[in-house]
Structure formats: structure tokens, C-alpha cells
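Based on the hints, put chain Z in the right spot on chain V.
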Amino acid sequence: MSAEAARFRFVSANRRVREDRRFVAGHGRYVADIALEGMLHVAILGAQHPAARILSIDPSAALAMPGVHYVLTGEELAGATDQLMNGLDTPNVRRFPLALGQTRYAGEWVAAVVADTRALAEDACEKVKVSYERLPYLTQAEEALDPSSPPVHPAHGSNVLLDKQFVWGEVDRHFAESPRQLSFRVTWGRNSTVPIETFGVVASWDPWSEMLDVWASIQMPKYPDQIARALRIPANNVRVHHDVDVGGSYGVKRGIKHTVLAAHLARRLGRPVRLLEDRLENMRGGDAHGPERIFDVDVAFDDAGIVRSMKMRALDNAGAYAGRAPFQLGKPIGAIVGPYKIESVAYRAQSVTTNKAVQEAVRGFGQSPTNYAIETALDKVGLACGLDRIEVRRRNFIRKEEFPYLIPSGTRYDSGDYHTVVDKVLAHVDYPALVAERDRLRAEGMLAGIGIAACLEPSGGNSAFEPLLNEKNETTTWMESVRINVDGTGCVAVTIHTTSSGQGHETLAATVVAEVLEIDPDLIRIVRPDSLACLPSNTPVGSRMAIMMGGACFHAAQKLKAKLLRIGAHRLGLAPEAARYQGGSVGAVSGGQALDWAALVNIAHRNFHLLPPDTEPGLESTHVMQVPTGTSLPKDGRVQMYPCHSFEFHLVLVALDPVLGKPEIRRYVIGHDCGTVINPHIVKGMTLGGIAHGLGAALLEEFVYDEEGQMLTQSFMDYLLPSSHEMPKVEIVHHCTPSPFTVFGQKGSGESGYLGAPAAISGALNDAVAEFGISFDKLPIRISAISDAVAAARVRSSEETTS
Amino acid sequence: MKIDLEGSETIAADPERLWLALNDPAVLTRCIPGCRTMTETGPDAYKVEMQLRVAAVGGSFEGEIALSDKTPPRTCHISVSGSGSLGHGSGTARFEITPAEGGSLLAYQGAGEVGGLVAGVGQRILGSVSKHLVGRFFTALRKEFEGSAALGAAE
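Chains as they are written, first to last, in numbering that gives the first Met the number 0: chain V, 0 to 802; chain Z, 0 to 154.
Read the hints as simulated data drawn from the structure, not as lab findings. Heads up, some of the hints might be wrong.
[Said to hold, decoys possible] Lysine-lysine pairs mimicking DSSO-like chemistry, simulated, CA-CA at most 30 Å apart: (1) K310/V to K558/V; (2) K777/V to K1/Z; (3) K163/V to K221/V; (4) K128/V to K46/Z; (5) K128/V to K142/Z; (6) K1/Z to K661/V; (7) K1/Z to K128/V.
Being a predicted model, the structure only gives us computed values, none of them experimental.
Same shape as in the complex, but just chain V (with noise of 0.2 Å):
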């Protein structure tokens, strides 16, 4: 990395994360702190049973109490809005943020109180009189399998949302040829992001001049669109805010049924509405639960180890509605082959509904659920072939020379050196001693165990994947834009066009904006406008703003650059060639008098008569960045997905008492290469994140509903989070093969960790209990499963000793 950063200034150094000092002193800027004049709240009332028919709803006991001034229920919303959005070609699985004549799953939205405190609405809520007849119901993914299960959506007529099969390559053939084969069935638990700030949305309307403006907790896609179309107002009659903190994200904020639900009480009530979730509320009905899915995987090999070709089928519990769910098989397309030389794969995307909480995007957007059972198939070829878990993966990697590297599925990985970070990661682990120390532990009577993952962190994210699950879309491109102006006393504004959940935009806008124009970052003001003077942007999700908002800075940043050039040049009488740009002055390339940077703004601001012929006053740029690569639609079930593929090298040692079963991480090492690295916090600060994610995903976070379709856990007292007990210290060893699709050879960043996480500890969980010749194939991966598995496993094994 030091001979690319020998390049840069700025970029890759050593510089502070401009936005952690606001957050560090408590001066961030939430939802919660927006406090409008008049501003009534709002307490949701959340169904009880997961199906029934709401019979009736009667307000009247919550209304009469003082304070309290509506209860809005789904007849009403409904006549009054248009349904959400649907990304599938589903027309029959409608979806209003209240329930409309039936509920679908325990905790869905069935009514909402409107009142002059938030507490005052919670009281209120429980005078709210509904009565139900109760539906049949269901919660596993293979019985909506079944046609004759009962319907969530009656109208859709099953429980299937999708059930896509492809087939990238002669796998028949591949398979018949190979002289091994192996099957296994890994089950991914749902579990999300669960951030610390809760969804949040302020909503007010101005009947005066018909705009409604809104204050979100806010980490979605054409956000202001879809309030707009739900409110059958036009787009600009919408005003969204994008100069709000947004407390954690990984994808999952993205209350469009909140906002819809609060902008029309405050059309109606004429005063300003807050919804803020309470954590009860967030977790039931927030609809911000991550994917649930069950693979059933088919390999074939030979004896070598080197993986040929694969089968697999993916089943998701999409919830009771459509959400982004079913998208979220479609991602993992991009890199179906992890960093293996697969040659052929079959893969068939199932997303079903049931009677739970609706999904949402989380961070990987299905990449973490796919990149588990992929290593898990590298771990299990390795040991049908006796080999070293991590030689069988250096057997089946794609090498250096072979980038740019089409993989079956239609995408072409960027670049990589997987060899190379393997290398690294076992010399600074001395990976011998690794061993000799897995073997001491065991020796004391410890289980003790070696994982291992290798995977991709797809970035740069287009939205490839909705053409290719919905053939109805069409839609190529997803772009992201950046302007900067130069104020008349030489001052620089950068605006970018989205909120931020901790990715830390400001920084690595400023950062990339100073590479350029070679100025000092600090003095460079980062302003976010609101939504009706923006441009066209896609906000931050598929880990692409370092690559999309860097490329947009970079970009805007060269034309900016381009034009004081021609001013310069133009103001001394030279060629522009002859001309030369270094540290914001403009001069001569053989040298002598230079026009620094007041000079040349003044020109551009007073001086229209010093200007170039036909040159615009002012000094302002603007870029609309759209993806690299990836710009056509899907062709025979094979598209090009996300530009860029960061690499990331997980190797972790746990210990565990086998009675207890409690797992300690006694060493986590991850080799980490994703291109150039434009803050070098941001991407700590992402993987340690991404890491304690999955460390969570592993063993502990789950959504869990019990056979009565209720959520059991509801607060962080059941729905464990890993907290500094359970994160290990974590060594990163940095590696970095630039990208050839972006502007500094960036990737992405923003879910590394998670990634390969889960796959790593659950490996490391099942080389320690295999010795007793089991293995753990659902995730999470529990206390209880573990010292319940080997209890069994030793009783079984003391019964054979004795019979």
C-alpha cells in the first residue's frame, strides 16, 4: 500500500475522521432533537395474533381522553394513499404501512394514535378496542412451500414470491464427470443491524404552499419518489432533509411505511408529526429484519480438492410482505463463486412468504448468508479430501494473472491477489504456532478450534439485480452526484445528496475533492442540500460511496480543476497546454509568474472581461457518476453486477469449555485488501464493525418466533448483541490490489468484516467439536446448541465405550 500511497496526499493518510467530533461530543443531530412547533406524536398500536381479520376497530375510548387527537386506522390510510412500492412483479402482495382488513404477522401496524405527548399516545393505545377473528397462519419457509398452506396474501393465490432457477454453464456435465460429490444444508437465522438510534421520521405540511417536509432517520433509495407516489402528490411538492444524523443504519432504515404513516396525519391534522419507534416497536413491526434463509448445496470435485461445479438453492423467509427480501437473493448472483475458480453453477432463488415481520436490506444484501454456505463447502471438500482447509481454498482460487475474471454468472471481478493476503495473514500469525496452540488447548482438556473464510465484498453497487429477478425493470443505472462551488472569497462547498449512517462521507469527500484540486481538506465545507436541490443520487447502500461519491468528487473536482487551468492559462497568455495547475495556483510549465487561488477566483467572480471566450462566471462544477461497468440489462439469466471486489481473509481461533460452551475468540486475524484506501479509520472503524456483526450473526442475534407466530425476542434482554465481552481484539493486515474501475483504484468497504465473519467463527466452532464427529449447520450457533450437542455427543460416545 505505501508505494500507492506515495501518490496521494491526502488520500490513504493518516487524517481524522471529521464527523467522529460531533458524534464523540454528544453534538450529533437526530431525528429526536428536530422539535417543531405544534408537533404532535404518534404511538403505533401492533397486532397481536400473526393472521387475523380485524372485525372492528373502536377508537372511542382512546379519543376521549384528553389530549389525545386521532386514531387513524388502514381503511383510512388506505383510501387516502397509494400502496408501497413492490420491487417484484407481485401485484396481488399489497402492502399500506396499517394494516388493511387483516393482519399478517404479530407486531404488524394495525392502527395509530396521534396525541400531544408520545406517552400520552402509548396510554391511549391500549383504549384502542380492535377485535379479531383469528387465521391459520404460518412460519417456516418450506411449508409455504406447500400450495395447500395457508395463504398470507390470499389475493397472490400462494405463498411463492419467487422461484427463479439458473444454470451458468454445463453443470450436468461437470457434475457427471467429477469424481466426487458432496451435499450439505446450512440454515441462516434471521437476525439485522439493529442500530442504536431506532427508525425516526418528522413529517410537516404547509397547506400554503403545498409542500410537506420531512426530517428521516433515513437510509433509502429514491426516498422522496416513493413518499410522493404514496401520497399521489407530485415529487416537489416534497422536501426530505438530508442535514440529519442518521444513528446506525447497515441498510435497515428505511421507514417509508413510518414516513407515509406520518406525513399524511400531518396533512390531515395540520400540525407537524413524529413517529419515533421504541425499541418494541422497532423489533416487531419496524420491518427491519434481514434475510432467513436455508441452502441446500451440491459440490463437485475431484480428488485434489478443486472445486468444478455447484448446485445451490436458496430458500428465503421473506416475511408477509415482498420488502426488499426477495432482491436480497439476487445480489449474491455477483459473486456466486466467492473467490473460486467455479466453473459452473445452478442456483434457484425461492423467497416465500409467512406469517413474520416484513425483511429489509442489511448490510451485504444477502452476500453474508451466500458467502457462509460457499465456505462451508470449501471446509467440508477439504476434509473429504484430507487437505488443509486453507490449501483447499488456495487450490480453488482464481490467481493474480487471471483478472479481470469472468465468473459463470455474467459478472467480471475487478482485480484481486488472493494468494498474496493468504500469505500474509499465516506469516504475521506464524500460523504453525497457531496450531501448536490450537493443539495445547485441546490438550488441556479445552475444545478448541481453526476457522477460516474467504470471501468478496461485492461494491460499487448498482441495481442489476431487479432486472434480473424482474424482468419488468429496467433499470441501469444507479448513479451518484457531487457539486462544488467556489464562493467569491475563494471558499469551497462541496454538496453531496444523501443522508449518512456513520460511513463518514463527509471525510472522504473532502478528502478526495483536496487530492485533487491540492488544497487543504479542512477548509473544505461539505454541505448536504435538501432533496428538491439535489441531483440525481442513490444514497449510501451496496458499499458504494467510496467508489460512487468518491468517483462523483473526483470528477467534478478535475472540471473545476480543468477551468481554472483555462483561466489561468488564458490570464497569462498561454496555451493551455503550456499551462500547469499545482496547489491551486495556476502557471506557466517552464516556470516564473503564477495566478495563485485568489487571484483566479477573483477573475471567475468580478472579472467576466479576463475570462476565456464563452466561459461560464463563477467557479461551480457538478458530476453525475454512474457505476463503472454494468450498464446493460441482464442477458440469458447473466448480468454484470457490482464493479469492484474486495477480498477479505478471516482466521480465528476459539476456545470453549465443553460443559459451559461458551465460545471465547482468542485470536482474530483478518486480511483485509480493499484497493486503495481513501481513509484509513473509516475502514477500520467498518471492518471491527462488520466483525462484531458477525460475530453476532454467529452466535448469538436472532429473531426467534415461537409455533404460535410470536416474536420472542423483542428487547436486547432475549435478542443478544455481542458487546466488548464478546468482541475480540482484532488484527487487520492490510493488502491493496487497486481496482482498474475506479478513479484511485478504490473499493468498497462498508461491509467488510460481516462478510466472512460468520462463515470463519462457525468453522472455528466445528473444527472443535469435530472430534466428536458432529457439526453445527444453523447459524446462530447458541450457548445452548453447542453444550447440548456436545453432551449428547459425549453420552453417545461413553454408551459405545461401555456396550
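Quick look at chain Z alone, frame taken from chain V:
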């Protein structure tokens, strides 16, 4: 989620008095934790209003209680169903009274199901909460007889 309850308690009252008490809405209102009112709506059918708190959530519930298969003064079958904004529940139980040293032995066995917010928030403690509520019921019931015994002594 499902809840099972089973147990037996000795009460310082003969089976006949205990039976009468257990069929008296006024006594039950005093003894059932959180019970505010209990109104007879028909033969062996009652409507109850309760105010309860479980873990982080609390609230009011309305429910119905029905008695059946009565064999005075020995056994009775009770079915309960109720709901409030914070949850719903239903259950059935059977109790049996037998004479015992120091009064009567009241044995009970029941199974219930609760759902809604209460089930999710309180699931890890619902078992112990329900035992606690049963305990409070019997403490109150014993007090009824201590009271009347004391009263009887004064008369």
C-alpha cells in the same frame, strides 16, 4: 407461548367453605392479582377487568371466566380468556379439593397460551411471573379465611 401450571396448596378451611369462596366473585376479585372488577354475566360466567404488569410492559386486560363440570364441593373446570392492547391469553385449568389436615388441599393443573407484546417481552420470566401471581392468589385466599376466622372468633 405456552404456559403450564401445576401445584397444590393447603388452605385452613374445610372443603365446603373453600368451595363457596372460590365461587364468590367478591372473594375472587380480592384474591386475583390485578383484578379490578368481576361481574357475573350468566350462570357460572363472569367478566373480569384486570390491571397487570409483566416485565417492561403493563396494561389493562378484559377477560371472561367460565366454570364448568362442577362437582361441589370437589372439582371444577375453569376456562379463561382475555385480551388487552398488550397481549392476549387463554387457558383452562381444573382444580380439586380434598379434605386434609388443617383444612383442605387444593390441587390445580392448567395450561395456557399467551401472545402479543407480553409474550415477547416477558417470555423468559413468564413462567416465574405466573408462579408469582398464583402465589399472590393463595396468599390472599388464606388471608380471607384468617380474616373470617378472626371475625368468627370475635363474634
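Straight-line alpha-carbon gap K777/V to K1/Z, limit 30 Å = Judged against 30 Å, a Cα distance of about 25 Å means the pair holds.
Restraint check for K310/V with K558/V, where alpha carbons must lie at most 30 Å apart | violated (48 Å)
Quickly compare the C-alpha distance for K163/V and K221/V to 30 Å and report which way the hint goes.
-> Distance ~27 Å between K163/V and K221/V Cα, so the pair holds.
Given the hint that K128/V pairs with K46/Z, does the C-alpha gap stay at or below 30 Å?
-> holds (16 Å)
Are the Cα atoms of K128/V and K142/Z separated by 30 Å or less?
-> Between K128/V and K142/Z the Cα gap is close to 36 Å, so the pair fails against 30 Å, i.e. violated.
Is K1/Z within 30 Å of K661/V, Cα to Cα?
-> holds (28 Å)
Proposed proximity, K128/V with K1/Z (alpha carbon, max 30 Å) | With Cα atoms ~24 Å apart, K1/Z and K128/V stay inside 30 Å; holds.
When each numbered hint is compared with the structure, violations occur for hints 1 and 5.
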